[in-house]
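Asker: On the provided structure of chain U, position chain F as indicated by the hints.
There are 2 protein chains.
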Amino acid sequence: MVGYVGTKKWESAISVEPSPSPTIESSQVRGVTLHRLSLVEDMRGNLIVAEFERQVPFLPKRYFMVFSVPSSEVRGEHAHLSCHQFLICINGFCAVVADDGKNRQEFHLDGLLTGLYLPPMTWAVQYKYSPDAILLVFASDYYDPNDYIRSYDRFLSLTNGAQK
Amino acid sequence: MVGYVGTKKWESAISVEPSPSPTIESSQVRGVTLHRLSLVEDMRGNLIVAEFERQVPFLPKRYFMVFSVPSSEVRGEHAHLSCHQFLICINGFCAVVADDGKNRQEFHLDGLLTGLYLPPMTWAVQYKYSPDAILLVFASDYYDPNDYIRSYDRFLSLTNGAQK
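Protein chains in written order, with the numbering used here: chain U, 6 to 169; chain F, 6 to 169.
In short, the hints are calculated from the structure, not lab data. Honestly, I wouldn't trust all of these hints.
It does not matter which identical chain is meant; a pair holds if it fits inside one copy or across any two.
Simulated crosslink set (SDA-like; lysine to any residue; CA at most 25 Å straight-line) [claimed, not checked]:
| no. | residue 1 | residue 2 |
| --- | --- | --- |
| 1 | K133 | G97 |
| 2 | K133 | E30 |
| 3 | K107 | S76 |
| 4 | K107 | S43 |
| 5 | K66 | S43 |
| 6 | K133 | G50 |
Pulled out of the complex, with its shape left as it was, chain U reads as follows (with noise of 0.2 Å):
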């Protein structure tokens, strides 16, 4: 038998296993939820599980991490036809304001146990990034240009059209 690294044993089961805290809030901006994730703490260290397609509402094709933005910079300042995204800042800090043509929201993140799920159609800015802020963004598709709203005004007559 091959000697191993470590002798320290322990069952390490329960540190995988989702917790049943996780919650989900709604927001003024439609579809658009705030999610606290499950953090398991444990002597040997702590845990945040999330699955897709449950905590997570999709399965993701992508993910992206943004990170060394000037706070001065606003990103984001689009919408997407059809890509959903799940967005966590896992190290400092950023704002994100999300909007649904009628109503709209500032959310923080600041942390890793915090998600905001921008569903499709939803007009999203992110800023007030701190120095060591990294944003992680799960995709629910690959890189597609056509799935870009650009245009705050297109926005709004594709969304005021819908909700006709």
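Answerer: Relative to chain U, chain F alone:
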């Protein structure tokens, strides 16, 4: 039209288009690969993009993050029968030893740009966590206690059987 945060406009399409430069390195351990992910550097902020079933070899059903692990702790010490995993140390540092029953190798995970792919039937141990380490793990399956092989002897007998 709703007034909007931020007046500085820029074209953000380029920032989420995958860079063509990710690389995949093979290892001494069967099926285990070290992935150098794409970085897009930009004055407005840097971006890392990875696509599932492309740079990451599977679609994830789940992710978990491990942090606040005492430096003396050893985590993992198991293999999976069918679950694929992809590990990124998104803050700080940790090391992973991967073992296929014949060969083993230590990998150093020290940042957002390095991902380690562990196929099923890979014995893996994580250790040498720095105090600020955060290990992000994508898993191809939901949590299933029956997918774990927790005995190294059983792992060896299964892998040796498979390789005969």
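Asker: Confirm or reject each hint.
Answerer: Do the hints match the structure? See the list:
{"no.": "1", "hint": "K133 with G97", "verdict": "both (11 Å within a copy, 24 Å between copies)"}
{"no.": "2", "hint": "K133 with E30", "verdict": "within (22 Å within a copy, 37 Å between copies)"}
{"no.": "3", "hint": "K107 with S76", "verdict": "neither (28 Å within a copy, 50 Å between copies)"}
{"no.": "4", "hint": "K107 with S43", "verdict": "neither (32 Å within a copy, 37 Å between copies)"}
{"no.": "5", "hint": "K66 with S43", "verdict": "both (23 Å within a copy, 16 Å between copies)"}
{"no.": "6", "hint": "K133 with G50", "verdict": "between (30 Å within a copy, 13 Å between copies)"}
Violated hints, in rising order: 3 and 4; the structure is consistent with all others.
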